[in-house]
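Chains Y, F, A, H, Z and X, in that order, are what the protein sequence lines are. Yeah, the first sequence ends on 162 if you go by our numbering, and it's all consecutive. Yeah, the second sequence ends on 162 if you go by our numbering, and it's all consecutive. Yeah, the third sequence ends on 162 if you go by our numbering, and it's all consecutive. Yeah, the fourth sequence ends on 162 if you go by our numbering, and it's all consecutive. Yeah, the fifth sequence ends on 162 if you go by our numbering, and it's all consecutive. Yeah, the sixth sequence ends on 162 if you go by our numbering, and it's all consecutive.
Mixed in with the good hints, there may be bad ones.
Copies of the same chain look alike in the list, so a pair counts if it works inside one copy or between any two.
[Claimed, not checked] No farther apart than 20 Å at their CA atoms in a straight line, the calculated lysine to any residue pairs in the SDA-like style are these:
no. : residue 1 : residue 2
1   : LYS146    : THR71
2   : LYS129    : GLU161
3   : LYS91     : THR80
4   : LYS55     : LEU79
5   : LYS55     : ARG94
6   : LYS91     : ALA126
7   : LYS96     : VAL110
8   : LYS73     : ALA137
9   : LYS87     : CYS56
10  : LYS73     : LYS146
11  : LYS146    : THR98
12  : LYS55     : ARG29
13  : LYS129    : MET24
14  : LYS30     : LEU147
15  : LYS55     : VAL108
16  : LYS87     : ASP99
17  : LYS96     : PHE112
18  : LYS48     : VAL88
19  : LYS55     : SER90
20  : LYS55     : ASP85
21  : LYS73     : ASN122
22  : LYS73     : ILE131
23  : LYS87     : ASP102
24  : LYS146    : GLY74
25  : LYS73     : HIS162
26  : LYS87     : GLU47
27  : LYS146    : ALA126
28  : LYS55     : TRP44
29  : LYS91     : GLU151
Treat the hints as calculated values from the structure; they're not laboratory data.
For reference, the chains in residue letters:
6 protein chains.
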Amino acid sequence: MIYVTRKEHFNAAHKLARPEWSDEKNEEVFGKCANANWHGHNFNLYVTVKGEPNELTGFVIDLKVLSKIIREKVTDQLDHKNLNVDVPFMQGIMPSTENLCIAIWKQIVEPIAAHGCYLHAIKLYETENNFAEYFGPEH
Amino acid sequence: MIYVTRKEHFNAAHKLARPEWSDEKNEEVFGKCANANWHGHNFNLYVTVKGEPNELTGFVIDLKVLSKIIREKVTDQLDHKNLNVDVPFMQGIMPSTENLCIAIWKQIVEPIAAHGCYLHAIKLYETENNFAEYFGPEH
Amino acid sequence: MIYVTRKEHFNAAHKLARPEWSDEKNEEVFGKCANANWHGHNFNLYVTVKGEPNELTGFVIDLKVLSKIIREKVTDQLDHKNLNVDVPFMQGIMPSTENLCIAIWKQIVEPIAAHGCYLHAIKLYETENNFAEYFGPEH
Amino acid sequence: MIYVTRKEHFNAAHKLARPEWSDEKNEEVFGKCANANWHGHNFNLYVTVKGEPNELTGFVIDLKVLSKIIREKVTDQLDHKNLNVDVPFMQGIMPSTENLCIAIWKQIVEPIAAHGCYLHAIKLYETENNFAEYFGPEH
Amino acid sequence: MIYVTRKEHFNAAHKLARPEWSDEKNEEVFGKCANANWHGHNFNLYVTVKGEPNELTGFVIDLKVLSKIIREKVTDQLDHKNLNVDVPFMQGIMPSTENLCIAIWKQIVEPIAAHGCYLHAIKLYETENNFAEYFGPEH
Amino acid sequence: MIYVTRKEHFNAAHKLARPEWSDEKNEEVFGKCANANWHGHNFNLYVTVKGEPNELTGFVIDLKVLSKIIREKVTDQLDHKNLNVDVPFMQGIMPSTENLCIAIWKQIVEPIAAHGCYLHAIKLYETENNFAEYFGPEH
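Same shape as in the complex, but just chain Y (with noise of 0.2 Å):
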């Protein structure tokens, strides 16, 4: 088996915060990211997949693929938009960075299948200080 991973990044705005809770309650939780009026992060997302090399091309995937199935499928419905309102895939989701690797494995874990290797880690950097990954719902 061999890894290849591939990064990508995006920038939205977001707040930490549950609508159904109190201005102080949600402050007390999450702080000066509960800000009402938002605030945002440039993310850096790294997208880990495994296979063996194909014998002719020597790739596990061929990286423009992957790269092209990650903007399809996660950046280009992320970037520049606010991921409390503005994404399908992210509705009713609390956006933590932790949630955020779960939502993005779910919407490419079966296009990378498709190419005949497995996705086997999102690690996504919400600050140069703050990351999270997620290896899929078996680990």
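We have chain Y already, so just place chains F, A, H, Z and X on it with the hints.
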């Protein structure tokens, strides 16, 4: 003269759109940056101060002091905020990276001069690929 | 399971030398790292915690809480210190990057477990080119 | 077990193209990577070794020793070279990042084992956005 | 005046050698950069433009426009190419980082001026450790 | 004129404290940087040289030559050393980043001028967040 630089950062939401313009015109001019529901960035801010090193300390300015000025006058007011809505010193100003540099300069030029040295440059990264620099109204 | 990581940093002095060895032997084994008058590094520390995201917050652990644990138990005790001399939890331990990882693990494994999640990894960069990782005594 | 990693780098030319294929087919499969007159990269290589820290030195392996192995067996043979033409251990192998990882593993797995520890991973960045990892023939 | 910078990148092969010199002389002068079978780099290019921000947009230049100029005039012609062989605007020019800066300047100085602002600087990283800067023929 | 820059690095210990001052005054002025048992940093040094590219080589200065000057005159004397104690050219000088820049300038200005070009700038990062720059005694 020696130049010393302190890096600080803030995460904020904004949009680039003129309220008196139609949505179509805003999207034509500003592209996806005009998204009505905002987007955001991790901004990295570099503040450069020039002066002579103090003979006893070897410092142009104590970087803890410089950091405190930047936080009080700039990043505490921008971090986890909406640059179009939440920030008193950005009222009525299009929050482009260029205009942010000028506004940040005005916030700190005098507090820095009070320490016997001079503000030389504001450098602001909006993304890893885009940044602006401002050297004051006389340059 | 989701894995979340927080980066913190500290700047410290150390030397690699055994007091019971001669200077010649220490230099032979440790090279310039044995310099009697110390040298130092900007250490970058990545702490990874695993768990299930909370249904209400979407967090495995509030990263502000994780950051506070790391600062109180680790970086406040290491930053701007001499790792051979000043640090209670490093007494009698050769301050290699490997041994630092193990000692840092011991400092925070229980405080993290008290928040309903698990310490997964300590990753410590001594320089951009050298780092160590520890996944606990059972791995 | 502790894991230690050493970063090394090399700058090389290559192309991705099969000599038995037509130019059209090579361009169809490999895109601009098939350019007949070559292109190149700054490769960043991370070699991870696992083992128990030595009781006296605190080292899994002396990183100067690890660096020397990597330079002699790998980067001295790849740096400022053409990966398709100049490198004995890449003869007959398509120089994809994946295949480079496997070939580099084979070059250093035994010299590292001779030092009482184990090669754990080869991670190779072709660009900031693309990298491959290999954990040996049994994984 | 405000200065805005856009980063772009390209991956290319080159060698540093004069055809009228012997192999021995080329290796003596250029070292391993003279390797007959080429080597290559991931080049990072920073283009800085200066001007006054537009009153309505807050932009010195729309960075999408600047990016398009750089791609059409520079990186589309250099990416995945051989700088000695494949590039019309580098014919007869030794492809040192210094000379690349001058050649890139000439390619874009007029298209940028057509947008009411001025090319200020070309900064080109050949590696993380080596870069060149050019501020035009009058500096 | 073209400007070329070479990055080198060194890891060193230091403290900021005046021996004629009390511990209390040193801590008041220098904070934790005054720790009696030292602390340390990974310093990144950028040396910029300006000149005209040689017509035959395309080089302002051969960067191997520049690297050799920096190593012999600067980093070999600073790396894995104590800046307050071990370094002849820092005797009697407070090892602030500012003063280090001036001292490094003096070490290499003449050896560089001997190669037909001019030292333009010393830029020294003490941490990712703090750096100083010096452009010589006439600026």
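Cross-check of the supplied hints:
1. For a Cα distance limit of 20 Å, the shortest separation of LYS146 from THR71 qualifies both inside one copy, at 8 Å, and across copies, at 12 Å.
2. Within a single copy, LYS129 and GLU161 get their C-alpha atoms as close as 13 Å, which meets the 20 Å cut-off; across copies the closest is 29 Å, which misses it.
3. Taking identical chains as interchangeable, the C-alpha atoms of LYS91 and THR80 lie at most 20 Å apart only when both belong to the same chain, with a minimum of 19 Å there against 32 Å between chains.
4. Taking the shortest alpha-carbon separations for LYS55 and LEU79, only the inter-copy value of 17 Å comes in at or below 20 Å, while the best intra-copy value is 52 Å.
5. In this assembly of identical chains, LYS55 and ARG94 lie within 20 Å of each other by CA distance solely across copies; the values are 15 Å between and 30 Å within a copy.
6. Only within a single protomer do LYS91 and ALA126 lie at most 20 Å apart by alpha-carbon distance; the minimum there is 18 Å, versus 29 Å between protomers.
7. Only within a single protomer do LYS96 and VAL110 lie at most 20 Å apart by alpha-carbon distance; the minimum there is 11 Å, versus 35 Å between protomers.
8. Only within a single protomer do LYS73 and ALA137 lie at most 20 Å apart by alpha-carbon distance; the minimum there is 13 Å, versus 30 Å between protomers.
9. Taking CA atoms no more than 20 Å apart as the test, LYS87 paired with CYS56 passes between copies only; the shortest distance there is 11 Å, against 35 Å inside one copy.
10. For a Cα distance limit of 20 Å, the shortest separation of LYS73 from LYS146 qualifies both inside one copy, at 14 Å, and across copies, at 13 Å.
11. In this assembly of identical chains, the alpha carbons of LYS146 and THR98 lie at most 20 Å apart only when taken from the same copy (14 Å versus 25 Å across copies).
12. For the identical chains of this complex, LYS55 and ARG29 are inter-copy neighbours only, at 18 Å across copies versus 31 Å inside a copy, given an alpha-carbon limit of 20 Å.
13. Within a single copy, LYS129 and MET24 get their C-alpha atoms only as close as 22 Å, which misses the 20 Å cut-off; across copies the closest is 15 Å, which meets it.
14. Taking CA atoms no more than 20 Å apart as the test, LYS30 paired with LEU147 passes in both settings, with 10 Å inside one copy and 14 Å between copies.
15. Within a single copy, LYS55 and VAL108 get their C-alpha atoms as close as 19 Å, and across copies as close as 15 Å, so both meet the 20 Å cut-off.
16. For a Cα distance limit of 20 Å, the shortest separation of LYS87 from ASP99 qualifies both inside one copy, at 15 Å, and across copies, at 17 Å.
17. In this assembly of identical chains, the alpha carbons of LYS96 and PHE112 lie at most 20 Å apart only when taken from the same copy (10 Å versus 39 Å across copies).
18. With identical chains, the CA atoms of LYS48 and VAL88 are at most 20 Å apart between copies only, with a shortest distance of 17 Å across copies and 45 Å within one.
19. In this assembly of identical chains, the alpha carbons of LYS55 and SER90 lie at most 20 Å apart only when taken from different copies (15 Å versus 33 Å within one copy).
20. In this homomeric assembly, LYS55 and ASP85 come within 20 Å of each other (Cα to Cα) only across copies, at 13 Å, whereas the closest approach inside a single copy is 41 Å.
21. Only between protomers do LYS73 and ASN122 lie at most 20 Å apart by alpha-carbon distance; the minimum there is 14 Å, versus 22 Å within a single protomer.
22. Proximity of LYS73 to ILE131 under the C-alpha cut-off of 20 Å is restricted to the intra-copy arrangement: shortest distance 14 Å within a copy versus 23 Å between copies.
23. In this homomeric assembly, LYS87 and ASP102 come within 20 Å of each other (Cα to Cα) both inside a single copy, at 19 Å, and across copies, at 15 Å.
24. In this homomeric assembly, LYS146 and GLY74 come within 20 Å of each other (Cα to Cα) both inside a single copy, at 18 Å, and across copies, at 15 Å.
25. Taking the closest pair of Cα atoms, LYS73 and HIS162 come within 20 Å of each other both inside a single copy (15 Å) and across two copies (11 Å).
26. When the C-alpha separation of LYS87 and GLU47 is checked against a cutoff of 20 Å, the pair qualifies only between copies, where the shortest distance is 18 Å, while the shortest distance within a copy is 47 Å.
27. With identical chains, the CA atoms of LYS146 and ALA126 are at most 20 Å apart within one copy only, with a shortest distance of 12 Å there and 27 Å across copies.
28. With identical chains, the CA atoms of LYS55 and TRP44 are at most 20 Å apart within one copy only, with a shortest distance of 15 Å there and 32 Å across copies.
29. Proximity of LYS91 to GLU151 under the C-alpha cut-off of 20 Å is restricted to the inter-copy arrangement: shortest distance 17 Å between copies versus 25 Å within a copy.
Violated hints: none; the structure is consistent with every hint.
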